[in-house]
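Chemist: Now for the letters of each chain:
Number of protein chains: 2
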Amino acid sequence: MERNMFREEIKVLDCTIRDGGLINNHYFTDEFVRAVYTAISASGVDYIEMGYRSSRQFAPQSEFGDWKYCDDDAISKIIDGVESNTKISIMIDAHRVSDQEFRPVDQSPVDLIRVATYVKDIDKAIALAKMCDDLGYETAVNIMAISAENQPDLVEALDQLASSPAETVCVVDSYGNFFSEDVHKMVKLYMDHLPGKRIGMHCHNNQQLAFANTIEGIRKGANMVDGSLYGIGRGAGNCPLELLVGFLKNPKFDIEPILKVIQDYMIPMRDEIEWGYLIPYAITGMLNQHPRSAIAMRKTANKDKYAEFYNEIIDVE
Amino acid sequence: MERNMFREEIKVLDCTIRDGGLINNHYFTDEFVRAVYTAISASGVDYIEMGYRSSRQFAPQSEFGDWKYCDDDAISKIIDGVESNTKISIMIDAHRVSDQEFRPVDQSPVDLIRVATYVKDIDKAIALAKMCDDLGYETAVNIMAISAENQPDLVEALDQLASSPAETVCVVDSYGNFFSEDVHKMVKLYMDHLPGKRIGMHCHNNQQLAFANTIEGIRKGANMVDGSLYGIGRGAGNCPLELLVGFLKNPKFDIEPILKVIQDYMIPMRDEIEWGYLIPYAITGMLNQHPRSAIAMRKTANKDKYAEFYNEIIDVE
Numbered sequence: 001m002e003r004n005m006f007r008e009e010i011k012v013l014d015c016t017i018r019d020g021g022l023i024n025n026h027y028f029t030d031e032f033v034r035a036v037y038t039a040i041s042a043s044g045v046d047y048i049e050m051g052y053r054s055s056r057q058f059a060p061q062s063e064f065g066d067w068k069y070c071d072d073d074a075i076s077k078i079i080d081g082v083e084s085n086t087k088i089s090i091m092i093d094a095h096r097v098s099d100q101e102f103r104p105v106d107q108s109p110v111d112l113i114r115v116a117t118y119v120k121d122i123d124k125a126i127a128l129a130k131m132c133d134d135l136g137y138e139t140a141v142n143i144m145a146i147s148a149e150n151q152p153d154l155v156e157a158l159d160q161l162a163s164s165p166a167e168t169v170c171v172v173d174s175y176g177n178f179f180s181e182d183v184h185k186m187v188k189l190y191m192d193h194l195p196g197k198r199i200g201m202h203c204h205n206n207q208q209l210a211f212a213n214t215i216e217g218i219r220k221g222a223n224m225v226d227g228s229l230y231g232i233g234r235g236a237g238n239c240p241l242e243l244l245v246g247f248l249k250n251p252k253f254d255i256e257p258i259l260k261v262i263q264d265y266m267i268p269m270r271d272e273i274e275w276g277y278l279i280p281y282a283i284t285g286m287l288n289q290h291p292r293s294a295i296a297m298r299k300t301a302n303k304d305k306y307a308e309f310y311n312e313i314i315d316v317e
Numbered sequence: 001m002e003r004n005m006f007r008e009e010i011k012v013l014d015c016t017i018r019d020g021g022l023i024n025n026h027y028f029t030d031e032f033v034r035a036v037y038t039a040i041s042a043s044g045v046d047y048i049e050m051g052y053r054s055s056r057q058f059a060p061q062s063e064f065g066d067w068k069y070c071d072d073d074a075i076s077k078i079i080d081g082v083e084s085n086t087k088i089s090i091m092i093d094a095h096r097v098s099d100q101e102f103r104p105v106d107q108s109p110v111d112l113i114r115v116a117t118y119v120k121d122i123d124k125a126i127a128l129a130k131m132c133d134d135l136g137y138e139t140a141v142n143i144m145a146i147s148a149e150n151q152p153d154l155v156e157a158l159d160q161l162a163s164s165p166a167e168t169v170c171v172v173d174s175y176g177n178f179f180s181e182d183v184h185k186m187v188k189l190y191m192d193h194l195p196g197k198r199i200g201m202h203c204h205n206n207q208q209l210a211f212a213n214t215i216e217g218i219r220k221g222a223n224m225v226d227g228s229l230y231g232i233g234r235g236a237g238n239c240p241l242e243l244l245v246g247f248l249k250n251p252k253f254d255i256e257p258i259l260k261v262i263q264d265y266m267i268p269m270r271d272e273i274e275w276g277y278l279i280p281y282a283i284t285g286m287l288n289q290h291p292r293s294a295i296a297m298r299k300t301a302n303k304d305k306y307a308e309f310y311n312e313i314i315d316v317e
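Top to bottom, those sequences are chains A and B.
Position 177 of the first sequence, counting from 1, maps to 177 under this note's numbering, and the rest follow consecutively.
Position 34 of the second sequence, counting from 1, maps to 34 under this note's numbering, and the rest follow consecutively.
It is possible that part of the hints are untrue.
Which copy is meant is left open, so a pair is good if it fits within one copy or across any two.
The calculated lysine-lysine pairs, modelled on DSBU-like cross-linking and capped at a C-alpha distance of 35 Å, are [said to hold, decoys possible]:
1. K220 - K299
2. K249 - K185
3. K299 - K252
4. K299 - K130
5. K11 - K220
Everything labelled a hint here was simulated from the structure, so no lab data went into it.
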C-alpha cells in the first residue's frame, strides 16, 4: 500500500534507558548505555531519555544504578566523543522531588527535562517546569494514569498547564488501557486546552496497542512520540522504536542502526530481564489497573497462572 | 475509560488450529485440539476453524498431520461429547483443489467452509463456494495478499463475488502490512462492492497491529473477526483471541477458559514452536512482502542477524 506519513514537526524520543531502567533499578552498564546512545544518534532519532534525576534522599544510592540520578557528569561520560544530533532528555518525578540539583543548561549535557506527575501534583509539576525553564532547558510535562482520572480534574490540570512554560505536554497511557477512540479524544482534549503547545504520546503495550495508539496520536496531531528499542519498559513496555521509525517517512531516519543494537544488546538482555506482551499485563490493561499486581505475580512460581490471577483481581474490584 | 463495543452481529472465529497448523504441518495432538475446542466452546466464541481440507494428492499424508485434511470423521472424534454452541469451520485453498470430498452439510460436523484464494484464482474460489453452498454449508471467501494487489483487479474480483453465494468475504492482511487507514479503506471498499454480504477481518501481527487493525475493521462494520489463542499462527501470527474477547462487550463471551487453555497449552507450546512478534517478520511486514524469507532465516544460525537480513531483502527489491 502507498502511504505518506511525513510531517517535519514530528519528533521521536527514545526512552529505552529511562523506562527500561524501571525493570532493573537503572543498573545499566556504561557500555550498554553508550551503545544505545550511539545507535539512536546514528538513526536520526531526535531525543534520547537517559533516566530520572532522582533525589538520593528518596532513592538511596545503595539501591539504584546511575540512571536513577542522571548526574550531568555521568551523562557527559557516555556521550563524549560520539557524533550526534540527538538531544538528551531526563525525567523528574513531581511527587518525589527533594534535593535534586540542576545546573544552567549551558553547563549541562541535558537539553530537555520532562516532569512526570499525577493530576493531584500538577502544581508541583508546573513549579518544576518553571524552574527548569528559567535555567534554559526545554521542558515537558507528562501527566500519568489519565485513564483512571476524572476528566474534570484532568481538564483543570490542563488549563493550569496552558499558562505554564512547558512547551510539550504528553498524553500518557500508563495502564495500557487506551483504544484508538480514547487516543483520539485525549489528543483533541489536550490540543483544545493547550493552545500553542506541542502534544506528545507515550503508550504502553499491555494490549499490543502501543504502536497503533502512537500512530493514532500522530494522526490527530501529536508531534512528539516516545518509543523504545524492542519495546523495552516496565511491564508490557512501550511502543517499539523500530516499528515507529519504519512507519515515519522522514528520510532523516535510518532503521539499520536500530536493528543492529537490538540484535546485539536487546535480544540477549531479554533473556535476563522481562518485558513485553504477557497475559498478566494484558489483564491489568483491560481492567484499567496499575501493572504492579502483574509485575509482582511474574516474580512468583505462579507467574503463568493467568486464570487464577484474573479471578483474584476482578474479585478485588 | 468507559466504552461500549457491543454489536450483536459481531461473530468471532478462532483460527488457532488452522493457522497454528501452518507452523508445524498440522501435527497437533487430539488432546490439544480437544482442549482448544473445549475452551473455545466454553468461552462463547462463535466459530472454530480446525484446519484445511486439502487434497492428499497435493499434500501427501506422510508429510502432514490430520488437520491438513480435516476429514469429517477426525473432527467428529474431537468434538464428540463436548457441550458446545461453537460452529465448525474448515478452509480450502482455491489454488490447490483436486480430490477433496465434501458430504452434504447434514452428514458433516462442519458448518462453515472458507475458501482462501488469490485474486487471480477468484473464478475457482467462486465455483468452490457455489459447490459448498449447494451442499448446504455456510460459505466465505478470503482473498489473500491484497496489500500487494492492484486495486482494479481486486475490485473486479469483489464485483464477481458480489453475485456469488458466499455470505461472507474476509479482508485479509496476509503480509501484516496494513495501518488503520488501509483497514478503513479496505472495509469500505468491500462493503461498497459487496452489498448485503458480511465483511470479515483476518489480520497478521508483523507490526503488532493485528488486534488494533481488527478493532478498526469492527469500527468500520466488519462483523466476522478472526483471532487465535496467544496469537498463534505462521510467522508473526494473528490477532490474539484473548485481547479480542476482552475488548468485545457481548456478555456471552467469557475470557476465563481462554486464559486457562493459554496457560495450560499455549505457553508450553511456544517453547516448542515459534510464532509472534519478531524483528524479521516486522521487516517483511514493513516492506509488504510474504514472510517466507523471514521464516526461512529464523531456521538458520543467523536468525537474529536483523540488520543483515534487512539489507539483503531491500537489495533484492
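Chemist: All the hints need checking, so say for each whether the structure fits it.
Modeler: Here's how the hints hold up against the structure:
| no. | hint | in the structure |
| --- | --- | --- |
| 1 | K220 - K299 | neither (38 Å within a copy, 41 Å between copies) |
| 2 | K249 - K185 | both (25 Å within a copy, 20 Å between copies) |
| 3 | K299 - K252 | between (41 Å within a copy, 33 Å between copies) |
| 4 | K299 - K130 | neither (40 Å within a copy, 55 Å between copies) |
| 5 | K11 - K220 | both (15 Å within a copy, 30 Å between copies) |
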